[in-house]
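Chains as they are written, first to last, in my numbering: chain A, 1 to 273; chain B, 1 to 273; chain C, 1 to 273.
Hints were generated in silico from the structure; no laboratory data involved.
Keep in mind it's a predicted model, so treat the numbers as computed, not measured.
Take these hints with a grain of salt, some might be off.
Copies of the same chain look alike in the list, so a pair counts if it works inside one copy or between any two.
Subject to a maximum C-alpha distance of 20 Å in a straight line, what follows is the list of computed SDA-like cross-link-like pairs (lysine to any residue) [what the hints assert, rightly or not]:
1) Lys266 - Ile173
2) Lys162 - Arg217
3) Lys78 - Glu112
4) Lys194 - Ser38
5) Lys194 - Gly7
6) Lys266 - Arg238
7) Lys162 - Gly179
8) Lys194 - His258
9) Lys79 - Ala98
10) Lys157 - Glu147
11) Lys157 - Ala181
12) Lys162 - Glu180
13) Lys79 - Leu111
14) Lys79 - Glu112
15) Lys194 - Thr11
16) Lys194 - Ala261
17) Lys194 - Val13
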Amino acid sequence: MFGTCFGNVRTTVPLVHNITNYVTVNDVANVLLACGASPIMSDEPRDVADITAICGGLNINIGTLNERTIEGMFTAGKKANELGHPILLDPVGAGASALRTDTAIRLMEELELTVIRGNISEIKTLACGSGTTKGVDADMADAVTEENLSEALTFVKSFGKKSGCIVAVTGAIDLVSDGEACYVIRNGRPQMGKITGTGCQLSGMMTAFVAANPENRLEAAAAAVCAMGLAGEIGWSRMEEGDGNSTYRNRIIDAVYHMDAEVLEKGARYEVR
Amino acid sequence: MFGTCFGNVRTTVPLVHNITNYVTVNDVANVLLACGASPIMSDEPRDVADITAICGGLNINIGTLNERTIEGMFTAGKKANELGHPILLDPVGAGASALRTDTAIRLMEELELTVIRGNISEIKTLACGSGTTKGVDADMADAVTEENLSEALTFVKSFGKKSGCIVAVTGAIDLVSDGEACYVIRNGRPQMGKITGTGCQLSGMMTAFVAANPENRLEAAAAAVCAMGLAGEIGWSRMEEGDGNSTYRNRIIDAVYHMDAEVLEKGARYEVR
Amino acid sequence: MFGTCFGNVRTTVPLVHNITNYVTVNDVANVLLACGASPIMSDEPRDVADITAICGGLNINIGTLNERTIEGMFTAGKKANELGHPILLDPVGAGASALRTDTAIRLMEELELTVIRGNISEIKTLACGSGTTKGVDADMADAVTEENLSEALTFVKSFGKKSGCIVAVTGAIDLVSDGEACYVIRNGRPQMGKITGTGCQLSGMMTAFVAANPENRLEAAAAAVCAMGLAGEIGWSRMEEGDGNSTYRNRIIDAVYHMDAEVLEKGARYEVR
Chain A
1 MFGTCFGNVR
11 TTVPLVHNIT
21 NYVTVNDVAN
31 VLLACGASPI
41 MSDEPRDVAD
51 ITAICGGLNI
61 NIGTLNERTI
71 EGMFTAGKKA
81 NELGHPILLD
91 PVGAGASALR
101 TDTAIRLMEE
111 LELTVIRGNI
121 SEIKTLACGS
131 GTTKGVDADM
141 ADAVTEENLS
151 EALTFVKSFG
161 KKSGCIVAVT
171 GAIDLVSDGE
181 ACYVIRNGRP
191 QMGKITGTGC
201 QLSGMMTAFV
211 AANPENRLEA
221 AAAAVCAMGL
231 AGEIGWSRME
241 EGDGNSTYRN
251 RIIDAVYHMD
261 AEVLEKGARY
271 EVR
Chain B
1 MFGTCFGNVR
11 TTVPLVHNIT
21 NYVTVNDVAN
31 VLLACGASPI
41 MSDEPRDVAD
51 ITAICGGLNI
61 NIGTLNERTI
71 EGMFTAGKKA
81 NELGHPILLD
91 PVGAGASALR
101 TDTAIRLMEE
111 LELTVIRGNI
121 SEIKTLACGS
131 GTTKGVDADM
141 ADAVTEENLS
151 EALTFVKSFG
161 KKSGCIVAVT
171 GAIDLVSDGE
181 ACYVIRNGRP
191 QMGKITGTGC
201 QLSGMMTAFV
211 AANPENRLEA
221 AAAAVCAMGL
231 AGEIGWSRME
241 EGDGNSTYRN
251 RIIDAVYHMD
261 AEVLEKGARY
271 EVR
Chain C
1 MFGTCFGNVR
11 TTVPLVHNIT
21 NYVTVNDVAN
31 VLLACGASPI
41 MSDEPRDVAD
51 ITAICGGLNI
61 NIGTLNERTI
71 EGMFTAGKKA
81 NELGHPILLD
91 PVGAGASALR
101 TDTAIRLMEE
111 LELTVIRGNI
121 SEIKTLACGS
131 GTTKGVDADM
141 ADAVTEENLS
151 EALTFVKSFG
161 KKSGCIVAVT
171 GAIDLVSDGE
181 ACYVIRNGRP
191 QMGKITGTGC
201 QLSGMMTAFV
211 AANPENRLEA
221 AAAAVCAMGL
231 AGEIGWSRME
241 EGDGNSTYRN
251 RIIDAVYHMD
261 AEVLEKGARY
271 EVR
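Turn these sequences into a full structure, and let the hints guide you.
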């Protein structure tokens with residue numbers, strides 16, 4: 001199934017409209033190309049409706065948001081909704097500032113989102129207005145672990161149901177749920193957290209996967225998580241002595257570039273709960 | 001001749017002012033340094049005139065344009081025209097949105113451009129207001145091939161003549177014409193299309209080449225195309241098993257860094273028609 | 001001492017708020033992660049006060065400044081001052097445009113800065129309103145050399161005293177002074193100048209070092225300079241035939257990733273004058 005989802009990205013080459021932060025945008029573009037999709041970036045309110053109209057999906061990432069790009073997010077989102085395109089929201093730093101929290105919540109309220117993907121702290125902020133955000137990385141105390149897994153499952157499913165979105169909480173253990181089923185994914189490596197933007201990259205790829213698999217969005221979102229995590233494992237296996245986070249970044253994107261349906265099927269480590 | 005053009009970049013170290021998208025800007029800066037030029041980025045209307053005044057050439061790339069940066073493009077362009085500096089326009093995504101198409105056309109009308117560099121779809125949009133743009137990558141049906149080459153030559157020469165600019169259409173086969181002669185260039189590798197921003201990088205480098213060769217702008221523009229394509233070939237020859245588009249990006253810039261006049265002369269594959 | 005300063009970064013994981021240019025921002029984020037700190041980027045006036053409040057230090061870099069981000073710099077800076085957080089100013093391109101010069105000077109006047117880090121030309125601009133800036137790279141004639149070292153020392157100490165800041169002038173020889181003592185640092189390699197943003201990366205890291213060592217800010221700033229230069233040396237030693245500036249960039253960040261207190265202590269080359 002995950003292999004098929006990935007194959008559909010490679011064969012349909014979805015064009016993904018990204019309104020995303022300027023920190024990690026280059027890696028988002030390269031990982032989208034690596035997985036077989038095609039990226040376009042545009043955040044100007046007067047530009048975004050035209051751009052999103054020619055795309056297959058919209059990836060909204062609120063890192064380095066500003067008043068102009070926030071307006072762009074709503075304009076693009078409304079157009080995408082009109083056209084029935086899937087929208088992914090990556091609420092980078094929700095909980096870290098009032099503007100980020102409010103913007104993420106307003107995007108949830110005013111747009112029909114398909115997927116929300118973030119770390120546990122960001123997702124908790126959206127779910128309950130609480131959660132402690134230490135910058136853009138998940139607070140350690142909140143991390144999903146084997147110990148608190150069943151509690152986390154209940155939380156993610158409940159937020160999926162309440163929001164009507166696929167909710168993807170990523171961390172050491174990743175959870176992807178539509179409110180009913182929940183994929184529990186154990187791909188990836190902790191060293192990925194030492195690279196800026198692996199989460200942003202995943203959001204880009206997930207938008208492509210969901211756009212290319214309109215009939216199986218939950219599976220597609222989960223497949224993207226597995227693909228990114230597996231790329232982290234493959235990339236890590238190619239690290240040489242002295243290589244660090246900058247080289248690891250390249251190796252992960254390279255691994256996505258070479259991944260195919262079979263590799264993903266074989267390497268995906270998940271259960272459905 | 002191409003070797004001399006490149007040599008002039010290394011000896012005169014032209015400072016290039018770039019108003020360019022935030023997706024690929026880092027690679028543009030690094031490739032400019034790699035080829036021996038010096039980059040500076042500035043897009044604020046209140047900043048650009050001063051910056052462009054100390055530079056030797058201006059590279060305007062409309063990817064991720066916004067209202068403020070559009071104003072910056074015109075302000076910088078007028079100053080560059082006043083000072084006789086060459087201006088290159090890279091109409092990223094012209095045809096994909098009204099704002100991009102209109103901005104590119106207005107830049108052509110209100111500024112005296114030296115070079116316009118884009119893919120066939122973008123250039124067709126500027127030439128005829130038509131052309132189908134699929135995002136920022138050239139539409140396959142429109143690609144310049146050996147089959148439609150003579151038709152494409154006629155088109156590029158005619159647009160060169162009409163616009164009064166050097167026109168560079170890049171793709172599998174690259175065409176660079178001033179309306180009279182046309183360089184037909186066959187350097188490069190198809191895998192370069194899987195890296196975000198090789199076109200943007202070429203625009204930066206081409207601005208440097210043109211700035212460093214005021215007496216031979218057509219040759220300089222063509223030399224930059226050959227240099228980028230050749231770097232793609234050299235970079236590819238250094239790829240190892242498992243390397244993908246992210247590593248390829250590094251290897252291409254590295255190849256520019258090590259290229260010299262002799263390597264370029266020897267590796268350039270072109271004819272003049 | 002330098003080892004201890006570095007160790008404190010790794011153990012306290014300071015969160016650094018960066019208002020920085022979009023050219024080199026990704027490398028700044030990755031080098032901050034590499035040295036053990038945690039980066040967050042935000043430049044929107046309505047966002048920056050909240051963000052800086054949860055951080056331990058503020059890095060203001062004026063490359064690609066615009067009217068909105070300038071406002072963000074002042075808003076963030078005032079909040080950081082209120083909270084007693086250290087602020088570093090990197091006056092990229094001061095002297096190259098009136099807007100950059102004026103903004104840097106106003107930031108000095110209206111904020112209580114902890115560190116100012118730039119090349120000699122930028123620092124001279126701030127000190128005397130003179131200095132010739134050739135883009136964002138230091139003018140050769142102005143470079144600190146063994147020949148003009150004692151003159152440069154006098155200048156840096158005097159500007160340190162006058163400004164009340166730690167002043168770090170980086171180049172072939174680096175000088176870091178609080179107006180009394182001056183660290184003269186000889187780590188690094190000339191090829192680092194062929195990579196865009198090694199200065200910006202250093203500013204990010206220096207902010208982290210200063211934030212993590214409130215009692216020893218001068219030593220911490222000097223330690224960051226040594227760490228970056230030493231990473232340039234270690235990264236260079238790992239270069240293979242054909243590697244150029246793009247690969248070198250990765251190897252430097254990788255070297256920071258693997259550096260520890262002992263390596264830094266052993267490799268730091270400096271004297272105090």
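Item to check | Hint numbers contradicted by this structure | outcome: none
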